[in-house]
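As you go down the protein sequences, you meet chains B and F in turn. Residues 1 to 159 in our numbering are what the first sequence lists, from first letter to last. Residues 1001 to 1483 in our numbering are what the second sequence lists, from first letter to last.
Calculated directly from the structure, the hints in this document are not laboratory data. Warning: the hint list may mix true and false statements.
[Unchecked claim] So, partial list: chain B residues that the calculated Cβ filter (under 7 Å) puts toward chain F:
| id | residue |
| --- | --- |
| 1 | Ala75 |
| 2 | Val76 |
| 3 | Ile130 |
| 4 | Ile136 |
[As the list claims (entries may be wrong)] Take a look, some chain F residues computed to stay more than 10 Å from chain B by CB distance:
| id | residue |
| --- | --- |
| 5 | Asn1005 |
| 6 | Asp1022 |
| 7 | Thr1273 |
| 8 | Asp1412 |
| 9 | Ser1437 |
Quick reminder that beta carbons are idealized off the backbone N, C-alpha and C, glycines included.
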Amino acid sequence: MASVKLTTSDDKEYTLDRELIFQSNLIKNMVTDLDVFDAPIPLPNVTSSTLDIVIKYLKIHKDDPPPPDKPIEKAVDDMIDEDKELMKLEFNIMADVILAANYLDIPGLLDIGCRTVAWHIKQCKDYHEIREKFNIPKELWRSEEEIAEMKKELNGILG
Amino acid sequence: MNLENLPFDILYTIFQLLNGKDLLYLSLTNKYFYGLLSDFRFFGSCLKEDYHYGIWPSLHLIDNFLNDNLQVDLERISCLSNSAFEYNLITIQSDIFLHKFTILPPSKDVCMIIKQEVNELEMERIFRLRNLTALTIKLSSPTVIHMVIHQIHTLHLKELDLSECHLSDTALQILSFNLSRTALSILDCSKNIITDVGVAELSKHLPHTNIKELNLSMNYIRKEGLKMIVAALPNSLIKSLDISFNDFENQDLCILYKVLPETNLEILEGQITSEKSISAITRNLKSSKIKSINLEISKEYLEEFLQCIVLSKVKYLEFTGIEVPFKNESATILQNYINKLPVEHLKLNYCKIEEAHICRLLEQIPFNSKLKHLDIWGLDSVDVNIGKNIKNLSLDSLSINYSGMTDDALQDFAINMKLLKQLDLSGNSLTLVGILSFVNSIKHSTLYRLNLGFNIRESSELARARRKIREVLECNRIINVHV
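The following block holds chain B by itself, in its conformation from the complex (with noise of 0.2 Å):
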């Protein structure tokens, strides 16, 4: 079976089989449309500790259907079993992953790590717990400029 070589961002080497990278539309793209196989394919964005759970998704997912063009409404904790392991990550490897799954196109990923996110969101008792569960800094509230600046836009809005 034909492979695909990637560098990962801390040069690493992967050698991958075409069925299972090709769920990433990035690299479908890339070989079938530029013809690339032998040379490997840099992922500047991409780590190599990332990219080992961006496999260890798709190897889950290797014998799916392909994705309906328009995305299903389900709940938010609607996902296998598998990838709820899978996605028990701290947030920042969690955001890694997504940003990862964004940049290589797989939009099964993108999904459940958009999900992961917003049901961890939805666990949150109060702001609190959502700015210490995602890093958020505090930030000070806003200036008195900014206060008269969203003044006069609301009056504008307000008629």
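Could you slot chain F onto chain B? The hints should help.
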């Protein structure tokens, strides 16, 4: 890595999976999320379900939902009680609500807009809120107004809006006397019955107050009153003074223009229709602190005025055009100066300019121009050419409103707008077909805010347009569209 570092389209996907309450909590985490989610159109576009203003994070519209969504209301108040808010704008609509606000802890600043009649007892209760920093009173009885002006120094207000309160000279005199004992920085006394007598007392106390913004428009102030207020300006902290629509002649404003360099004024409103006023402005503007100008000007003085603007620090320039419309000849003069102006935001209101002149004006704006925002309102007619002329512009936002623009012009906009982030074409003659084809062609543009309101008037067509636009943009990056 934190949540706000995720790209905007990913955040938008996540937001769409949350319900109103989750979004409300998220908006309270920090300024960035509050900024995003307090835009009610954006907030609405995130929620798949029908949403109620009651769960919108911003408190500005709180009066729209009271009484029928008390549960969320309470939740929001409990959020507020715990959050790091320093400032909240709260509108009081009902007695029950007023009562609930007394539960806010004293460390939070609260701004109240009272839009309905409150009685003395309720006013007493408001006075007990030690965290009240801004107060707007509408439709209240003279007794309540009397209470406010007498007890102002016992409150911790920074803003007070007493417009349309039948405020008399006597009331203003009492208020003025108490002002120096307050930390008030914004005072609005517009649309009242104030004359020179009240202004005399106010001017006397003004240098001893912290007031930075003062609105005395739509009263009965004459030239003598204007003189007194202007004389007090150099010793005061006032940055913005609105004294329009009073009982003095527009040319009397020269008294103000002459002292500009000695004042702290940053905003200037006025009318240049005489030799005297243009010479007062040209002599004094450069050495003043004025950053924002909003005025009417006759075409014979425009060139001289623009020459003076070129050397100034003015960032915002608006030609109001209500009494003196901005016409073709003025547009031609403006063409010659548009690339030299330091202005970042230019607004032409009620202009009577033909399309060819506007096109020529747009052509003169260089790619590296300082101008980032251009608003044009009420052009005579817009046909097809205007969209072709925006090709080389590096504007962030462009508004062309109430100018009879048709669908044909829209397509050129779609092709030629490159760096534009905000486009406002509300109030034109665009149809459903034109709007839909336009929205289809801008899916991948840099635009994030598009206003096409007041084009389609038919309510069934409007509903269809909103549904279709939502469908088209659903799977793409967020474009905030208002129809």
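Structure-based check of all given hints:
1. Ala75: Given a least distance of 9 Å, the restraint on Ala75(B) is violated.
2. Val76: This interface hint holds because 5 Å falls under the 7 Å limit.
3. Ile130: With a minimum Cβ separation of about 5 Å from chain F (threshold 7 Å), the hint on Ile130(B) holds.
4. Ile136: 5 Å, holds
5. Asn1005: 7 Å, violated
6. Asp1022: 5 Å, violated
7. Thr1273: 27 Å, holds
8. Asp1412: Non-interface label stands for Asp1412(F): nearest chain B Cβ at 27 Å, farther than 10 Å.
9. Ser1437: At roughly 21 Å from the nearest Cβ of chain B, Ser1437(F) sits farther out than 10 Å, so the non-interface label holds.
The structure does not agree with the numbered hints 1, 5 and 6 stated previously, though it agrees with the rest.
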